[in-house]
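Which chain is which? The protein sequence lines are F and L, in order. Here this note's numbering is used: the first sequence runs in plain steps of one and ends on residue 325. Here this note's numbering is used: the second sequence runs in plain steps of one and ends on residue 325.
Think of the hints as simulated: they come from the structure by calculation, not from any bench. Some hints could be false.
Identical copies look the same in the list; a pair holds intra-copy or inter-copy alike.
Only pairs whose alpha carbons sit at most 30 Å apart, straight line, appear in this in silico DSBU-like list of lysine-lysine [to be verified]:
#1 158 with 73
#2 100 with 39
#3 304 with 315
#4 315 with 303
#5 266 with 207
#6 303 with 204
#7 208 with 315
#8 304 with 204
#9 204 with 100
#10 149 with 172
#11 38 with 156
#12 73 with 38
#13 208 with 38
#14 314 with 266
#15 172 with 215
#16 152 with 208
#17 215 with 314
#18 314 with 204
#19 204 with 38
#20 314 with 304
#21 314 with 207
#22 266 with 315
#23 207 with 102
#24 215 with 266
#25 204 with 39
#26 303 with 314
#27 102 with 215
#28 207 with 38
Number of protein chains: 2
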Amino acid sequence: MTILVVGSVAYDGLETPFGKKERILGGAATHFSASASFFAPVQLVGVVGGDFDEKELDFLKRRGVDLAGLQIQKEGKTFFWKGKYGYDLNEAQTLDTQLNVFAEFNPALPENFRSASHIFLANIDPELQVKVLKQVQKPKLVAMDTMNFWIQGKRKELLNTLRHADCLLVNESEARQLTGEYNLTKAFKKIRSWGPKILVVKQGEYGAMLFADDFVFSAPGYPLEDLKDPTGAGDSFAGGFIGFLAKKNAPLTEENLKHAVVCGSTMASFQVEDFGLERMRTLTKKEIQERFQAFKKLSHFEETLIL
Amino acid sequence: MTILVVGSVAYDGLETPFGKKERILGGAATHFSASASFFAPVQLVGVVGGDFDEKELDFLKRRGVDLAGLQIQKEGKTFFWKGKYGYDLNEAQTLDTQLNVFAEFNPALPENFRSASHIFLANIDPELQVKVLKQVQKPKLVAMDTMNFWIQGKRKELLNTLRHADCLLVNESEARQLTGEYNLTKAFKKIRSWGPKILVVKQGEYGAMLFADDFVFSAPGYPLEDLKDPTGAGDSFAGGFIGFLAKKNAPLTEENLKHAVVCGSTMASFQVEDFGLERMRTLTKKEIQERFQAFKKLSHFEETLIL
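I would like the entire structure built from these sequences, with the hints used as guidance.
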């Protein structure tokens, strides 16, 4: 199985209580690819400018990520995002967004990308998300992200993209804004009526919840003593979640979806341990497997209650 | 085993997006007792005024709660709290607090209360909490709650009470305010150094976390579609948590403590389904056992991760 991701490859400026970075590699597609590449082959679709140092992606190439779909607009500049976090790392304050080459991005899939089995439409213009879907043949799974900017500004287009998606991955405030429902169970029902049969709500340090027709699953956040930078946690989560499903070519059963959520939470828990993609560069499969087990210890309990 | 609780028996005025109550039975000791009584015999220590309708507690008597420690100050008025919640039911806005008979409360334990095995010091003046501890003989477990008011106003007295406690149950903001640490793992280390070997952090709709020397446990919040009133959820949690440990006379092992947290979460999930103590009046052991199992389905996953 092969995973295709479309989304940003970017430079980020970051400020957290634990450090500051002027300009480091970031972007949703980058974070997703780094994470998913531990599970299955990844094909990346995106765009960068002439200022982009391609060597920055060498570690993704080494991890088998196919960059044939990454356009380089020599005259343009790479997407730049600058954000700041307080001690409550759940909410970023955006200080600067420079769309640059992303403003005119027109995703074009190389021929061998069109048969990808698992698609992740990272957070970009919903019209671009649909353009990508029009170029692929019968994927097994279409998952997508979005954000408040599109929920407000391109609601009609977003609802159109949702009709084609199996799974929506968003954070709590996005789920609420999109549906007008504070209660997440009610929010899922509305989203379900628009198309996606699975809703994953990312809850930052509180973990993640998955809603499906016949069950709900909740995975905790991993209790780290030292978090440095939450940027990319959501995309790392998506990488582990979709990565697991692609690796196993797994049907969307309750057991597989629960397992996928824990893979997502595991990858996100590493992502936040360091700035940018630093942790992903040194991460090993052994560490992933060990933390997956730690999630079991963290959330499982034995015995039946007898009153 | 017998559980002793000291805390408020009160009238509450409540306003949530789902309804309004002018004056209904409430109070930490009341909520705790109702919940714990499903697990083990409960002895209640508190005070009410001449305006209190004792019939309100008939259902607690029927559930075996011993009210011999409830003082009635005929000339005084019962403690009254008025609060309001928005759609985010995690945070109450206090509109009115009338301490009334609680201002001069001096807890005196009936003779047969002094040998209780499990003690819950609900959220009251830490000096009163210590007064209760001085009257009991060698309990197996001392658990306590507190709030921002005492953390700010009686820090020295609170730290003194903590020295005598095995377990502190507080919400996130209280754990942070008490320790000056945002990170809960770090907050636990500080609290540990003051005495309690167990910290339970109540996280509202996100569930609860338990920190001990050699493990951390996280239980999700139960995804209810209809919540009416979160008042008393924390005390219902404590009732299920301590109730389970008392029922089983359980040593504080990892397995027992995890189980106790899920019992706490189970009881809290019922508590919020209706105003005041309404849900507790109709709750059955069968419903409790079923929801306990639902927590298993909600948070357990199978398989080992092979990469």
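Now the hints, each set against the structure:
no., hint, in the structure
1, 158 with 73, "neither (33 Å within a copy, 62 Å between copies)"
2, 100 with 39, "within (10 Å within a copy, 47 Å between copies)"
3, 304 with 315, "both (17 Å within a copy, 28 Å between copies)"
4, 315 with 303, "both (19 Å within a copy, 28 Å between copies)"
5, 266 with 207, "within (28 Å within a copy, 40 Å between copies)"
6, 303 with 204, "between (37 Å within a copy, 28 Å between copies)"
7, 208 with 315, "between (34 Å within a copy, 23 Å between copies)"
8, 304 with 204, "between (39 Å within a copy, 27 Å between copies)"
9, 204 with 100, "between (34 Å within a copy, 29 Å between copies)"
10, 149 with 172, "within (15 Å within a copy, 62 Å between copies)"
11, 38 with 156, "neither (43 Å within a copy, 52 Å between copies)"
12, 73 with 38, "within (22 Å within a copy, 62 Å between copies)"
13, 208 with 38, "between (40 Å within a copy, 27 Å between copies)"
14, 314 with 266, "both (20 Å within a copy, 25 Å between copies)"
15, 172 with 215, "within (22 Å within a copy, 52 Å between copies)"
16, 152 with 208, "within (25 Å within a copy, 56 Å between copies)"
17, 215 with 314, "both (26 Å within a copy, 23 Å between copies)"
18, 314 with 204, "both (28 Å within a copy, 22 Å between copies)"
19, 204 with 38, "between (39 Å within a copy, 22 Å between copies)"
20, 314 with 304, "both (16 Å within a copy, 27 Å between copies)"
21, 314 with 207, "both (29 Å within a copy, 23 Å between copies)"
22, 266 with 315, "both (24 Å within a copy, 22 Å between copies)"
23, 207 with 102, "between (34 Å within a copy, 28 Å between copies)"
24, 215 with 266, "within (20 Å within a copy, 42 Å between copies)"
25, 204 with 39, "between (40 Å within a copy, 25 Å between copies)"
26, 303 with 314, "both (17 Å within a copy, 28 Å between copies)"
27, 102 with 215, "neither (34 Å within a copy, 36 Å between copies)"
28, 207 with 38, "between (41 Å within a copy, 27 Å between copies)"
Checked against the numbered hints above, the structure breaks hints 1, 11 and 27 and satisfies the rest.
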